[in-house]
Structure formats: structure tokens, C-alpha cells
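K.L.:
Sequence:
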Amino acid sequence: MQTKKLATLAVAALFFLTAVGGSALAQEKAPAPAKPAAAKPMKITVVGKIVKDESMGGYYIQGKKPPEIFRIVNQNPTVLEKYAKSGKEVTMETHSAMGDNLVIEKIEGKKYPEAKKK
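Quick note on numbering: the sequence shown equals residues 4 to 121 in the numbering used here.
Since the hints were made in silico from the structure, they are not lab data.
What you are looking at is a predicted structure, and each value in this text was computed from that prediction instead of being measured.
Treat the hints with caution; some may be incorrect.
The list that follows gives simulated cross-link-like pairs (lysine-lysine, DSS-like), each with its CA atoms no further than 30 Å apart [unchecked claim]:
#  : residue 1 : residue 2
1  : Lys67     : Lys43
2  : Lys91     : Lys55
3  : Lys88     : Lys114
4  : Lys68     : Lys88
5  : Lys46     : Lys91
6  : Lys67     : Lys46
7  : Lys67     : Lys85
8  : Lys68     : Lys46
9  : Lys52     : Lys119
10 : Lys68     : Lys85
11 : Lys52     : Lys67
12 : Lys119    : Lys91
13 : Lys91     : Lys52
14 : Lys52     : Lys68
15 : Lys67     : Lys88
16 : Lys113    : Lys52
17 : Lys114    : Lys43
18 : Lys109    : Lys91
19 : Lys52     : Lys88
20 : Lys114    : Lys46
21 : Lys119    : Lys88
Okay, the calculated beta carbon distance ranges per label pair [as the list claims (entries may be wrong)]:
#  : residue 1 : residue 2 : range
22 : Lys32     : Val106    : 40 to 46 Å
23 : Thr81     : Lys32     : 54 to 60 Å
24 : Lys67     : Lys88     : 14 to 20 Å
25 : Lys88     : Ser58     : 17 to 23 Å
26 : Ala35     : Met59     : 42 to 48 Å
27 : Pro44     : Lys119    : 19 to 25 Å
28 : Glu92     : Lys114    : 15 to 21 Å
Yeah, the Cβ is synthetic: ideal placement off N, Cα and C, and Gly gets one too.
Please take these sequences and the hints and turn them into a complete structure.
P.N.:
Put into C-alpha cells, the structure is as follows:
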């Protein structure tokens, strides 16, 4: 009789442990964190001169405000040539591409046309 009770108790304990352990394993995993949104490019208004120098990759901006040298990513030689020849300071609305690389959006308040692809 004693053995029967002991066996029943052991089976009940095993059943209880399996039920508790199994339910813990069956729980849903927490969803992976969402990917962070891509950083928006920083808008920068630059006042400076447009200079042409082939060793610098074509045209670049010699900034007065902010006082830095910027590379122009979206070069349109037809538009930039007249500003480079004039030597005058111009105001450009740009956004950063990476590092000191800028993408021009407007020059002197006018939309900057992209270069035509050949």
C-alpha cells in the first residue's frame, strides 16, 4: 500500500513538473525590436563660393557660413560653371549626403536642376 501511494505521488509530481515546464517553453517569444527609422538627411544652408578644381573631383563649395569645404554630390556643370566663373558668394539650400558631401537643392532660391544623364 505504501509503495502504491509513493508511486502515485511520484507520477503526480512528474506530471506537475512537465506541465509547468512545458507551458514555460510554449510561451510566445517577444517580438524583435523594430528597426530604427532611417535618419533623415540634415538640411544645411551654405553661403559660399563655387569653385572648380579637377583634383577635387570637379566643383566644390568653399563655404563662408559655415566656414568649411564641401564636395558637391549632384554636380551639374552647366549650372555650376557660371557661378564658378563669377566668383560671387551664393546661398545654397542643401542636405548632407555623408561627411562633407552635400546635395544641392536650391541655389539663390531657385530649384537646382539635376544634370542630364547621357
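K.L.:
None of the hints should be skipped; say for each whether it holds.
P.N.:
Against the structure, the hints:
no. : hint                       : result
1   : Lys67 - Lys43              : holds (25 Å)
2   : Lys91 - Lys55              : holds (13 Å)
3   : Lys88 - Lys114             : holds (20 Å)
4   : Lys68 - Lys88              : holds (20 Å)
5   : Lys46 - Lys91              : holds (22 Å)
6   : Lys67 - Lys46              : holds (17 Å)
7   : Lys67 - Lys85              : holds (19 Å)
8   : Lys68 - Lys46              : holds (14 Å)
9   : Lys52 - Lys119             : holds (23 Å)
10  : Lys68 - Lys85              : holds (21 Å)
11  : Lys52 - Lys67              : holds (8 Å)
12  : Lys119 - Lys91             : holds (25 Å)
13  : Lys91 - Lys52              : holds (6 Å)
14  : Lys52 - Lys68              : holds (10 Å)
15  : Lys67 - Lys88              : holds (18 Å)
16  : Lys113 - Lys52             : holds (16 Å)
17  : Lys114 - Lys43             : holds (20 Å)
18  : Lys109 - Lys91             : holds (16 Å)
19  : Lys52 - Lys88              : holds (10 Å)
20  : Lys114 - Lys46             : holds (15 Å)
21  : Lys119 - Lys88             : holds (21 Å)
22  : Lys32 - Val106: 40 to 46 Å : holds (42 Å)
23  : Thr81 - Lys32: 54 to 60 Å  : holds (57 Å)
24  : Lys67 - Lys88: 14 to 20 Å  : holds (18 Å)
25  : Lys88 - Ser58: 17 to 23 Å  : holds (19 Å)
26  : Ala35 - Met59: 42 to 48 Å  : holds (44 Å)
27  : Pro44 - Lys119: 19 to 25 Å : holds (23 Å)
28  : Glu92 - Lys114: 15 to 21 Å : holds (20 Å)
In terms of the numbered hints stated before, the structure departs from none.
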